[in-house]
Amino acid sequence: MANFYILTNNPLVEGKYPEITNFEENSSVEDIFNHSRDSIHLGANLINHPLAGSIKPNQSPYKSLVLSDRRGDLDMFSLTLIEGANQVLKKLPPRRREYDEGVLEDFQVIDLDLLDSAIESLPYEYHE
Amino acid sequence: MRLEIGNILIKDIAFGSKTEVKDGTLFVDKDELIEAATGGDERIKSLDVYLAKPGDKTRIIPVKDVIEPRCKVDGKGNIFPGVIGDVDQVGSGRTHVLKGAAVVTTGKIVGFQEGIIDMSGEGAKYTPFSKLNNIVIKMEPIDSIKQHEHEEVIRLAGFRAANYIGEAGRNVEPDEEKVYETKPLLEQVKQYPDLPKVVYVYALQTQGLMHNTFFYGADAKKIVPTFMYPTEVFDGAITSGNCVSACDKNPSYVHLNSPVIDDLYARHGKDINFIGCVITNENVTLQDKKRSSNMTAKLVELLGADAAIISEEGFGNPDADLVMNCNNLENKGIKTVLVTDEYAGQDGASQSLADSTPKGDAVVTAGNANEVIDLPVMDTVIGHPEVANIIAGAWDGSLRDDGSIEAELQVITGSTNELGFFNLSAKTI
Chain G
0 MANFYILTNN PLVEGKYPEI TNFEENSSVE DIFNHSRDSI HLGANLINHP LAGSIKPNQS
60 PYKSLVLSDR RGDLDMFSLT LIEGANQVLK KLPPRRREYD EGVLEDFQVI DLDLLDSAIE
120 SLPYEYHE
Chain B
0 MRLEIGNILI KDIAFGSKTE VKDGTLFVDK DELIEAATGG DERIKSLDVY LAKPGDKTRI
60 IPVKDVIEPR CKVDGKGNIF PGVIGDVDQV GSGRTHVLKG AAVVTTGKIV GFQEGIIDMS
120 GEGAKYTPFS KLNNIVIKME PIDSIKQHEH EEVIRLAGFR AANYIGEAGR NVEPDEEKVY
180 ETKPLLEQVK QYPDLPKVVY VYALQTQGLM HNTFFYGADA KKIVPTFMYP TEVFDGAITS
240 GNCVSACDKN PSYVHLNSPV IDDLYARHGK DINFIGCVIT NENVTLQDKK RSSNMTAKLV
300 ELLGADAAII SEEGFGNPDA DLVMNCNNLE NKGIKTVLVT DEYAGQDGAS QSLADSTPKG
360 DAVVTAGNAN EVIDLPVMDT VIGHPEVANI IAGAWDGSLR DDGSIEAELQ VITGSTNELG
420 FFNLSAKTI
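Chain order of the listed sequences is G and B. For the first sequence, numbering that gives the first Met the number 0 gives the first residue as 0, with consecutive numbering after it. For the second sequence, numbering that gives the first Met the number 0 gives the first residue as 0, with consecutive numbering after it.
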């Protein structure tokens, strides 16, 4: 069993990592940020940076975050990062356009690729 | 390591029956260039070449990369080692540059791809690449290709094109010459013992698809921070596969002309002793970020630096690397100067970076990427104009019916480049 899980609204991630994915269909990026913040308050560590790449969080509708199963003391580093990411999201103007399916798939592919980068370089303690 | 750069000034470009430089004009044999750029890659369905000159009413969109044509005339290796040809050590000998010319690649890899170069009008003021004689490569892959391969195919076609064109400068007498030299560390320290020793910490965007950078052809995501002689970049040791965040990514052209390195050499031996570069990456996991910034600080300390310049590439997540590098170095007593750009909102009033530190008290900014600009109609559009509605910094209706565009500065290639390649900045009011 893995001792981490993925919180995502990206269906491609759910398809690739079904065993360890907490898939929140129809969630927004803000929801994913807020739900991971809640887990961090319960003691989870954030493993990947919440702002993925140079794609702005108000631009891509998808977000995948890797969190540890850990429960215990609050990790301030993780909390600072997720709160910082939320601030960035609030600062940027809301997205005002609908994307077609091709563009949505492109965003899913990029989100999955950045997540794969994270899974490939997971800290040792998270390997089974 | 000593490198002579011979600049051949290119004042005009035209198609011709032979690829050659004659009296400052670069003539390009279109058929031969198409063959060289295609390079037998069966994943390419079509490849065409266009010319875009300063002052033309031409828009290029979406721009993937901009590459300067160069060739190695003396010394080991070739331009873009590990990407084109073998991975020989570069950075010494002699290199000829077709200064004033560039290869620009365009192709829609993903639907939200960014990057505009306008050759005239309001937009031209915001990109350094509007001043160049551009040879634009537009490439379409075969239908079955996926995003990862599509990115690779366009990237490599661009380097093959630049390599082919660069050869035209091999036997041309340069108009101007520059010499850059960095000695092995202990000799370099002895050369100017009384001047402060400065290292350049050169962070490369390396997070994944469309966010990649390569060092001697190796994916820099997988390297640990390492030492680089500054002259290596001038021969293409660092190449860009990054096509997200048009305004503040580093196109290959900017790596080849790294303004931080050029400026540090200009001060070298006068008021600083520029002892070399440490290249590092900007990865996805926090553990990778900690490892790389710790190793960067260790390496800079080991080199004996008194001060470091730290640059970043991209927005958001890389702000964390910038801040970690700053804190780690300052905690070792090494003074830092950071180079970045800002996302301060359309009114410029919001916090500029996603992370910050009180130790970052010397920062150079390359401008606010959220500034709204208006781009007029152009007579010619090379590429895919429909992406203007989808790119970052644009909104639905950004592309007006008449072809004009209202969008944030972040859509313009190179506008807020974080190596300070362009002329934008910001000041406190």
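Hints listed in this document are in silico derivations from the structure and should not be mistaken for laboratory results. Keep in mind the model is a prediction, meaning the values are calculated, not measured. A few of these clues could be false.
Pair ranges (Cβ atoms, derived) [stated by the list, open to error]: (1) G/T79 with B/D73: 49 to 57 Å; (2) G/E23 with B/K52: 44 to 52 Å; (3) B/K44 with G/H40: 34 to 42 Å; (4) G/E82 with B/N293: 18 to 26 Å; (5) B/H147 with G/E18: 53 to 61 Å; (6) G/H40 with B/R1: 55 to 63 Å; (7) B/R266 with G/P10: 47 to 55 Å; (8) B/K52 with G/N2: 36 to 44 Å.
In silico lysine-lysine, BS3-like type, Cα no more than 27 Å apart, as pairs [claimed, not checked]: (9) B/K145 with G/K15; (10) B/K358 with G/K90; (11) G/K15 with B/K221; (12) B/K358 with G/K89; (13) B/K145 with B/K221; (14) B/K189 with B/K334; (15) B/K29 with B/K177; (16) B/K221 with G/K89; (17) B/K29 with B/K189; (18) B/K189 with B/K107; (19) B/K107 with B/K75; (20) B/K52 with B/K107; (21) G/K15 with B/K182; (22) B/K289 with B/K358; (23) B/K182 with B/K44; (24) G/K90 with B/K52.
Where a beta carbon is used, it is the ideal one built from N, C-alpha and C, also for glycine.
Q: Would you mind confirming whether the straight-line C-alpha gap from G/K90 to B/K52 stays at or under 27 Å?
A: violated, 38 Å
Q: Verify the proposed pairing of G/K15 with B/K221, using a straight-line Cα cut of 27 Å.
A: Cα-Cα ~23 Å, so holds.
**Q.** Holds or violated: B/K189 to B/K334, with C-alpha atoms at most 27 Å apart
**A.** Since the Cα atoms of B/K189 and B/K334 sit roughly 21 Å apart, the hinted pair holds (cutoff 27 Å).
(Q) 47 to 55 Å was suggested as the range; check whether the CB atoms of B/R266 and G/P10 agree with it. (A) Because 53 Å falls inside the window, the suggested range holds.
Q: Given the hint that B/K29 pairs with B/K177, test it: the Cα-Cα distance must not exceed 27 Å.
A: Roughly 31 Å separates the two Cα atoms, so the pair is violated.
**Q.** Given pair status - G/K90, B/K358, alpha carbons within 27 Å
**A.** With Cα atoms ~24 Å apart, B/K358 and G/K90 stay inside 27 Å; holds.
Q) Are the Cα positions of B/K107 and B/K75 separated by 27 Å at most? A) violated, 36 Å
Q | Range hint compliance [Cβ, G/H40 to B/R1, 55 to 63 Å] | A | Holds: the Cβ-Cβ distance is about 57 Å, inside 55 to 63 Å.
Q) Under the criterion that the straight-line Cα-Cα distance not exceed 27 Å, is the pair B/K358, G/K89 satisfied? A) Judged against 27 Å, a Cα distance of about 26 Å means the pair holds.
Q. So the hint says 18 to 26 Å: do the beta-carbon atoms of G/E82 and B/N293 match that?
A. holds, 24 Å
**Q.** Range hint compliance [Cβ, G/E23 to B/K52, 44 to 52 Å]
**A.** With Cβ atoms ~51 Å apart, the hint holds.
Q | Satisfaction of hint between B/K189 and B/K29, Cα-Cα up to 27 Å | A | Judged against 27 Å, a Cα distance of about 51 Å means the pair is violated.
Hints 3, 5, 8, 15, 16, 17, 18, 19, 21, 23 and 24 from the earlier list are contradicted by this structure; the remaining hints agree with it.
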